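Asker: Starting from the given sequences, assemble the full structure and let the hints guide the process.
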Amino acid sequence: MSGTDESAFGALRGQLQEAAQAFADGPGALEGILLGIVDDVDRAVREPLEIFPVCHHSPASATAMARRLREKRPKVVYLELCEDMAPLLTELRNCRLPVAVQAFATETEGFPAEWAPLSVVAPITEASAEYQAIAYALDTPGVELVLVDRSSDHVYQWDERAPQAAAAADPDAPPAEEEAALHGDAVGVEIGDLRPRFAELEEHLLRHGRVRHWSEWWHQYVELPLGDSDHDTYRQVMLLIGSLFRRLAPGDEHRVRVDEDRERYMWTRMREHLTATGTDPADCLYVCGAFHAASRVAEFGVRGADTFEIGPRTATKWQHGLIPSSHAAIEAQFGLAAGSVSIAATVWAKNLRRTKVQPFRLAGQNGAKSGRATKAVAAAAQAAQDPTGSVASSGESGAAADRLSGFLRRPPVLDPLDEAELLGWSVEIVRAARRNGYLASTADAIAVFETSILLAGMRDRAKPTPYDFQDAAVTCIEKDSVPGRRDVRRLVEIMMGGDRIGQVGYDALPPLARDVHDRLKPLALRLEQRGVQRALLDIASRPELERCSDVLWMLRRLLPQGAARPIMGERRLGERSIQESWDLALGTHQRALIELGYEGISIEQVLEQRLRRTAYAPRATTATVLETVEDATLYLRSRRLADELGARALETLAAERSVDGAPEVLRRVRRLLAFYRTSEPVLPPWIERFVKTGYAHYCTLLPTAFTDEDAGVRQVAAMLGFLFSMESLALSLGCDRTQLELAVAQSHPEDPPKTALLWAARTQLGHLTRADLRARCDELLDNPLVVPAYPRYLSGFVQALEPVPGLTDFVVEAVSNAFARLPDPVLLPWLPTLITTLRDGGGELAPLLIREAGRIFPGRLTALDAWVPPWREAPDPGVPASARRAEAGRGVALLAAHPAACDAVAGLLGCDGAWETAAAGPRGAALVDRHPDTATALAVLLAAG
Amino acid sequence: MSELLRAPAEMKYAEELDWLESIDDGPKPFAWRLSPKMVRLFILGSERADGLDRPVAQKWFGDRSFVERSIVTLASDRGLLLIGDPGTGKSWLAELLSAAISRNSTLVVQGTAGTTEDHIKYSWNVSMVIAKGQSRESMIPSPIMTAMEAGAIGRFEELTRSTSDVQDALISILSEKYISVPELAGDDNGNIVFAKPGFSVIATANSRDRGVNDLSSALKRRFNFVRIPVVTNKKSEAEIVRFRTEELLRRHQIELDVPPTLLDVLLQSFADLRASAAAAGSDDEKLESALSTAEQIGVLEDAILHGNFFGERALTAHTLASSLVGSLARRDPEDLAILNKYLHGVVEPRSKEEGGSWTEFLEGGRDAIATLS
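The listed protein sequences derive, respectively, from chains A and B. Just so you know, our numbering puts 785 at position 785 of the first sequence, and the rest follows in order with no gaps. Just so we're on the same page, our numbering is the position in the second sequence counted from 1, plus 945.
Hints in this document: simulated from the structure, not taken from any laboratory. Do not rely on the hints blindly, as some may be mistaken.
Counterexamples of contact, computed for chain A against chain B with all Cβ distances above 10 Å [what the hints assert, rightly or not]:
(1) 405
(2) 648
(3) 859
Estimated spans, in silico, between C-beta atoms of each pair [stated by the list, open to error]:
(4) A:825 with B:1109: 51 to 57 Å
(5) A:658 with B:1297: 31 to 37 Å
(6) A:782 with B:1317: 44 to 50 Å
Quick caveat, the model's predicted, so the values are computed rather than measured. Heads up, the beta-carbon is just placed ideally off N, CA and C, and yes, glycines get one too.
Answerer: Written out as structure tokens, the structure is:
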């Protein structure tokens, strides 16, 4: 394929050869590279299928593309973009650019599970050559657009690294702003990545170009010179740059292999298409990055080798959609300098005005300006009348004229920024700075203007570039601190066009997102707009808003924080809001909503799937499953799903061996029980079984938990809480109390807090009296060896408030005793522990204690002197136990004396029994009389002893 | 020149400056001795592509746009304020700029709490005033006034350290460009000292001391601020450390090699400590030191001197570690704890993994911490 000296590039070859000899002292590597570049250009130019090399975010590429498409009117456009993204491109017309075409897969097959979710994005801006090609092909009848690059599936198949590593941004980059994170952690694919692949070359170019970053270099040395050049010059220069970067530094091996495979893939696909449709290659245009245009793989060209076999895709199911993008997101993802895409957009608009090139736009594209459109139409009419372009098609002619020599000899083109424009900018930036809190004045505008010109002079430019202007503005206006949200650099970026954030139109949204918008229509808000909007839902007066409220609560559960935020109103089991107000930012979080759309067709379905997934996850705990039950009831109001998930909770509980989640389980079960008791005629069967199983389960685990070091006091307290508070229900369902009593009897904790807990439990069960408990505490306080551990016992008692709330007064007493009797060295270090215990216990334990303390302690200071704590008061001496019993009998006496009421009730109930008198004398003695054998035997034994 | 402990830049590079002046054909603003491009070349050094007969060494390391912005500011109507953390090379850049532009970098006012307006304007030779009365002869001009009279660059170090009223004396100097001397009202020579073209002021301010004596907005307006960040790029930092260390070795006339592996160890340890300082939540969790490049040079210099005079006339990782700990441990429990954590959490695993100098470095660090605590 290599050209001969007779070709158009003969003269250039000769010159380069001489140059190589002069600089490298004879033919060698340098000559090989230089001549190889010319060969590459020659080969690509001669290819019958016209190759159109582009660079991403290059207005020059876009202008050249628009011009070329009008001139050539190709019938087929091949585009370097993932082939599976094709069906979505027509939806671009419903969006405001920039947006990104996204391929998304949540369930992966054939890829490591930790890569999920897989996401590939291809951002599309208006100032790009690919958008021109897409708009032309989709809106011109009879033109076919064929995407030829590997599919999204292959992107991951060929990726050796983890996706995170692939998407990793420049470590020196500033932290991503909200707009910059629009693509999430997707892998970006882009048409026309053109950048030196070895750092030294880039550094060299930057240094000699006196520029700071690659985007600026490109703008200065390629974009501007190419801005007004003809098609052949454009094409040859782009091919030259592609070939230069390729030959000088191929980059790392894996990347080169992937690049070459992609080229093979694309050419194979194009040949397949040509054969299948029988299209003449001369009627086609192949749009690809300049890097790929200078390819040397055997498959290159219409007559290339057919040796590449395209591998099958994995079974991963890919979903496709459009998501909003932004200039900042594109810059962040592809490592471009901040503001470069915005500057490209401004340059594109300026180029259009200057060159009068009529761009292509998809019909109905959002954001189109009517004025410009009419102008464009007029220009198009003019273009149609005057079809004689400045250049003949090189692809058709076969042998192209050498445009490179002229271009390479030309001095650098200067930025045509004129003085009036610079003056305008200087004034504008000072105004913007003032609005943002800077103390900027007209003097600063003058200084910025002057400094821009001086800086341009320092950097060998006749006139300042936007980047020089930015530097000047920073120098003159930025002081030691940034007063507002934005610094001067950012203000200049905004002034130069600013970040533009795309928006996916209603029609291009997935069904789920459309459904959400439809259902929220009654709110009468423009939810597609970015920013936060306040929604007020007066459900009491407009009951139809309750459905909106349901949607909002589900969105809150499903979308990232901030998308839907309730300001007033809450959703809890068994409660219903009368009024709600929300802060909604669905426009800002459009990507999240769209990605939700990949999971299902309605939010209910997605929520159900997610709840199921959480509940059936291998690591799901009983607490998490109960949470899903609660969510299913709360958001979906689905008894069916709640029952199913409840059954699952039962399974997890039975299989659980740790008691870590006990507090959470107790809290949730209590809440669900309370809800079902008030809202359903009978309890759902699962919750009855849950209580029953839980009772047995916690009884079994109790003795171990008391001694296990891993189980905390809180956990054990929660277990006891479950056992005591669910006891009546459990016993009514057939549980046996003996099990609990046995479990408590088997528990022998050594830890002071747990011991205290056990004492409390035994008090609740009636094994210990208050007096016993008080005696034990006194004993602890009296024993100097145990005193240091006393606070730990107290912690146990505080925790015991959960299972045994009846002990509150005793706990107050114990704490008061501690304050009274503990020595300071023990008391003071313990106080923080008490506070943290109470805080951990949440709002439940502290109010209990405080209320009780308020009841016990005197309310006024004066009353304190005369106050004696209730526990110090002497027990009431006058009432002996026997008297109490006699008193208890008094009611019976009254009943016997006036039997009329009782008889009447008995008559009503149909009982016809007579009144009986109790036999005199103790009942036990009667039993001894009736069965004397045991007593006799005992008497014999005692006598014998 | 060898009799001076430290020669100012214009003396040290006198020969180079002469040569640059001789080949400079670019336009020079005011009375500048070099054109702005040559000033940049002098500071940032030359490359082969510049096509000069002799190489010009790079003297200041950092983003070139800082230098360009600084030069351009001096060519404009405003003063230049270099602001940044301690040890980022602000004063060195100021010295180089004034040496290149006006061949005099010694017209310096050092801002302190005791700096008075006299230090900025003028004062009187009391005995002469008694003998001859107040006249131009008995007036002692300040460095700034001298710079005005000569059309040179005056320097004001640590501007924010001096009090607000003293700072504000600069306002009229920077806007009206003259100092009036009311005491000489009847003098025929005039009671006003006008600045000649080329006069400007380079001030430096420490961003850590912000708020000590904050600049008034009127003064801020008259300065262009150039913020010099701490160098975090490892490559340029290595360059700076090597450059400065060579200079120091030459000054101390020490023949000692700094092994590249040890330089790497030093740079890496500073990078690690900076990362941990960036991640720290409170001041107690980070070292008091700013961890600037200058501090790295200090650590290295200390280690070299120690190795040369007390050691085996060679630099070892052990000495480097103890010098690092010695320089960075300023507060007793906090800094030592951080360094201890660093040694055990970062250096120890690395020494197990990579071995080499890291093992010795770890031992040195441990010994130093043991001695200090």
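Asker: Against each hint, give a clear statement of whether it holds in the structure.
Answerer: Hint check results:
| no. | hint | in the structure |
| --- | --- | --- |
| 1 | 405 | holds (23 Å) |
| 2 | 648 | holds (41 Å) |
| 3 | 859 | holds (43 Å) |
| 4 | A:825 with B:1109: 51 to 57 Å | holds (52 Å) |
| 5 | A:658 with B:1297: 31 to 37 Å | holds (35 Å) |
| 6 | A:782 with B:1317: 44 to 50 Å | holds (49 Å) |
This entry satisfies every hint, going by the numbered hints stated previously.
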